[in-house]
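With chain P held as given, fit chain F onto it using these hints.
Listed in order, the protein sequences are those of chains P and F. Per the numbering used here, the first sequence starts with residue 41, numbered consecutively. Per the numbering used here, the second sequence starts with residue 90, numbered consecutively.
Treat the hints with care, since some could be wrong.
Quick list of in silico lysine to any residue cross-link-like pairs, SDA-like style, CA-CA up to 20 Å [to be verified]: (1) P:K117 - F:G273; (2) F:K259 - P:L103; (3) F:K324 - F:S377; (4) F:K371 - F:T361; (5) P:K117 - F:R363; (6) P:K117 - F:F366; (7) F:K371 - P:R107; (8) F:K371 - P:D109; (9) P:K117 - F:A264.
Which bits of chain F does chain P cover? Going by a derived footprint, with three or more residues having C-beta under 8 Å, they are [said to hold, decoys possible]: (10) 127–134; (11) 267–277; (12) 287–300; (13) 353–359.
A short, non-exhaustive set of chain P residues, derived as facing chain F with CB atoms under 10 Å [to be verified]: (14) L55; (15) V64; (16) T68; (17) F111; (18) Y118.
No lab work stands behind these hints, which were simulated from the structure alone. Remember, it's a predicted structure, so these values are computed and weren't measured experimentally. Don't be surprised by glycine CBs; every beta carbon is placed ideally from N, CA and C.
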Amino acid sequence: MRQKVLVLYLANSALDAPTVAWAVYDGTGETRPMAGDNDEAPYRTGVDALKDGWRLIQAAQILPHSRGDEFDLAYLKYEFFFEKLVETTP
Amino acid sequence: MSALPLLNSLDMARFVARGFLRFDAVVPDEINAQFLAEAGEAPEPGAKMRQTYGRLLAGSGIPEVPPGVPLSAAYAQGSAIDRLLNLPRVAGAIQSLVGPDPVFDHHFLHVTFPPAYYEAGGGENVSQHTHQDSTIDPQAGFDLQIMYYPHQVTRPMGGTRFIPGTHLRKVSEIALGRYQNIAGQQHMVCEAGTLLFLHNGVWHGGGVNHADRTRTMFKIRMNPSQPQVRRWDMKTLPEAPAERPIFFVKSHLPETVESILMTPEPWFEQDTGRLEFLNRVKLWRHLSGDPTFDADYWATRLENPARA
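If we strip away everything but chain P, and leave its shape as in the complex, we get (with noise of 0.2 Å):
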């Protein structure tokens, strides 16, 4: 058994929002995506990702904005893991 994982960033809170950025990583080894390596998202929504047989596992916390720092922006903030476990032969 190998894992598959997706990361979707979507545009805000809700699994249903639009993608904006995306990764995928291959626990089986028969695929090597890396950076640059796509133009299209793999999936328009979170939502999609689940009809596809994707399994959520982790979801980013909404944070309250600290006084002073309300407008710096640094990394994405809506980030979806997702996994698929994949029987691999010995």
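Structure of chain F alone, referenced to chain P:
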């Protein structure tokens, strides 16, 4: 007043909004050929990649330059980079963005090797993780990074990948390496002699080279030595901001500084996209020396003294 062809206000707004300006085939072929000769040939495949790169740099005619010297003193007169930096269009754009007499920060010869080198020398042929150069940078102004492509770059050769509009995010270098792909990302596929002017904050990375030849890009980072205020062609700056209706709009409005600053990128989150607009307004205020500038009322609403 400068005799150089300075950037106009719309191009400056594009740089403030998106963090880049692209000058296709602006460097003549003669300078491109001179640069490639000065840079030197890559060794043949066979050695480990670190050794291959080390030999390439050791054999290069590009000088080692310490940071902090005047950019004008960094390159020998008549060398390819000296000639490039003195092209009027290039010198005018540099002056518009960082002002006169910029300071040399660093340079690097980025060579991306094709699969044959990895097959012969080991290692994995992969793209570079997306990153923001240097360190977390909370300053109002910016450094300029010039990416020079001395030969044609095709899509199989990879090209520099960059994400327009990411330059105002305060991140720590490669901490964002997790993001493989971002909506709106661009890959530098270009003709020989193309320059990409980047705000130092733009997220970027080198693309993997699947072609049969090396890909060469030369990067120069420079710092302003004087305030970056009102350095572009001020004749093109309207005296009064172009106030325009917001939200309830019936017809397409002409392109202005304000409309450019208020154009979102495909990767913008729905809430923080508005903060990106505000941060663009702040950068325009800094560069224009106008602390009251606003676009689409985003800052004015928050700064209403009656609400203080």
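Hint check results:
1. Pair hint K117 (chain P) plus G273 (chain F) holds up; C-alpha atoms about 17 Å apart against a cutoff of 20 Å.
2. Distance check on the hinted pair: K259 (chain F) and L103 (chain P) sit about 17 Å apart at the alpha-carbon level, within 20 Å; holds.
3. Simply put, K324 (chain F) and S377 (chain F) have alpha-carbon atoms about 12 Å apart, close enough for the 20 Å limit, and the pair holds.
4. For the hint linking K371 (chain F) to T361 (chain F), the alpha-carbon distance of about 15 Å falls within 20 Å, and the restraint holds.
5. About 14 Å separates the Cα atoms of K117 (chain P) and R363 (chain F), which keeps this hinted pair within 20 Å; it holds.
6. Between K117 (chain P) and F366 (chain F), the direct Cα distance comes to roughly 17 Å. Compliance with the 20 Å bound is thereby established for this hinted pair.
7. The straight-line distance between the Cα atoms of K371 (chain F) and R107 (chain P) is roughly 18 Å, inside the 20 Å bound, and the hint therefore holds.
8. Annotation: proposed proximity of K371 (chain F) to D109 (chain P) holds, straight-line Cα distance about 14 Å (limit 20 Å).
9. Annotation: proposed proximity of K117 (chain P) to A264 (chain F) holds, straight-line Cα distance about 14 Å (limit 20 Å).
10. Remark: the segment 127–134 of chain F is not confirmed as covered by chain P, as 0 of its residues place a Cβ nearer than 8 Å to a Cβ of that chain, below the required three.
11. Under the rule that three or more residues need a Cβ within less than 8 Å of chain P, the assignment of the segment 267–277 of chain F holds, with 8 such residues.
12. Counting residues of the segment 287–300 of chain F whose CB falls under 8 Å from any CB of chain P gives 3; the rule of at least 3 is met.
13. For the segment 353–359 of chain F, the stated coverage by chain P is satisfied: 5 residues place a CB nearer than 8 Å to a CB of that chain, which reaches the threshold of 3.
14. Residue-level restraint check for L55 (chain P) is violated (minimum Cβ-Cβ distance to chain F is 14 Å; threshold 10 Å).
15. Taking 10 Å as the C-beta cut-off, the interface hint given for V64 (chain P) holds, the closest approach to chain F being about 7 Å.
16. A distance limit of 10 Å between C-beta atoms decides the matter here; for T68 (chain P) the minimum to chain F is near 17 Å, and the interface restraint is violated.
17. Given the 10 Å rule on beta carbons, the hint for F111 (chain P) holds: about 5 Å separates it from the nearest Cβ of chain F.
18. The criterion of a C-beta within 10 Å of any C-beta in chain F is met by Y118 (chain P), whose closest approach is roughly 6 Å, and the hint holds.
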